[in-house]
Amino acid sequence: MIYKSVKTLFLKLLKAPTQPPEPPIGSPDSVEVFRASRNFLKYQIIIWGFGLVTGLIAEAVFVFKQHSEDDGSWEGILFGYGIFAITIIFTIAKYFLIRIDYDMRYYVITDRSLRIREGAMMIHEATFTYANVQNLKIHQGPLERLLGISNLIVETAGGAGGKRESSKGPGAFPHMHGHQGVFRGIENAQEVRDQILSLLKQFRDSGLGDPEEIRRARMQQAPKTGFSTVAMARLREIRDEIKLLQ
Amino acid sequence: MTDMNPEHIYSITRPDKKLLMLYIIRSVLALPAIIVVLPVSYFKYHTMRYRFDDEGIAMSWGLLWRKEINLTYARIQDIHVSRGLIERWLGLATVQIQTASGSGSAEMSIVGILEYESLRDFLYTKMRGARFGEPETTISDGSKLDSQQEDDVATVLLTEIRDELRLLRKRQAGGGGEAE
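Protein chains in written order, with numbering that gives the first Met the number 0: chain A, 0 to 245; chain B, 0 to 179.
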């Protein structure tokens, strides 16, 4: 398949890692690595196809207009075909980028943190601990709804950089930046959210670096009586002995 | 898993030489702006200092306008590692650290570190919530032993009391039997 060989060459040339990201250290049993849904790739390709079709229609109209005009200059027609060729090249390149972006997208969750890696040209990896998470949001557009996918956004404290965030409109999607991680195009957004929420609830503070919670957790975990089980058994025996003495 | 030796991280004070290379390539790519970008990044590289200690990180740079950033590990919100094309070719990465301040851009961008993965893991372990519950076992390791010993002593004492009582009861039962 063409795509596979192009991808291999591309990744080698770009020195991009082919393995999923390393999970955050600690508790390896809880590590769960997953990818965006297959439907996310479909979604991206539908949007890409839509752009391609509109581009081609505009192009056809332009060329047709140039042809139909009696004094339609050759330069104009050549210009039209030139633009057409460039559009096609860019569209094909875009297609490969969409595929590679999908293949390079990884999500890792453990019992205390999450890690997201995305990108092929610029590889961006973010690690968040649940202790720092402030909000969890789920975004879903109409087309995403049809395909059964949604975006889970994990936010930590602090302002958004949000140049891209302000660009709302069809096809606008939440980007990962400082203070924000995005699980794009996943099918089980609710499940992942619930999983993170349940772990998040262990922390009852603002999530702004209070060293208190370790101490508090330690107090909660302390045994209720100061006696070990063996000592308790002995105490019971002593009680029985005294009872028998009477 | 990367080799994550804190001593090794603590010993980092300067960015790697490859960072200068990265700056030169970027300046060249900036074309006409090279006149400004090259000297600025050259001095940025040469004045850049890091200090990692038990509590936090300090980073400073600048020749005319000096900048210094201090932050503590406990205040780290999230860690980002980004690697552009040129950085990957040079084996570098940018480790961006976010705290809960107003800007969306990173509060501290640690550049020019070859061991960016072990640095990331090191920062992760120092971060809030990464070792939830774990400090308990490590901190109270000594005291836990003590409480274990205490338990043992208590059990021994209780066992002795039980045996004494048992003996007393048996003797009483025996004595009572003789009297009757």
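Hint data in this document are derived by calculation from the structure and do not stem from the laboratory.
Take these hints with a grain of salt, some might be off.
[Unchecked claim] With a Cα cut of at most 25 angstroms, we get these calculated PhoX-like pairs of lysine-lysine: (1) A:Lys41 - A:Lys3; (2) B:Lys17 - A:Lys200; (3) B:Lys17 - A:Lys11; (4) A:Lys93 - A:Lys3; (5) A:Lys14 - B:Lys17; (6) B:Lys169 - A:Lys242; (7) A:Lys14 - B:Lys16.
[Claimed, not checked] Which chain B residues face chain A? A few, computed with CB under 8 angstroms, are given here: (8) Glu67; (9) Ile85; (10) Trp88; (11) Ser104; (12) Ser108; (13) Asp120.
Every residue, glycine too, gets a C-beta built ideally from N, C-alpha and C.
Hint by hint, which ones does the structure fall short of? 2, 8, 9, 12
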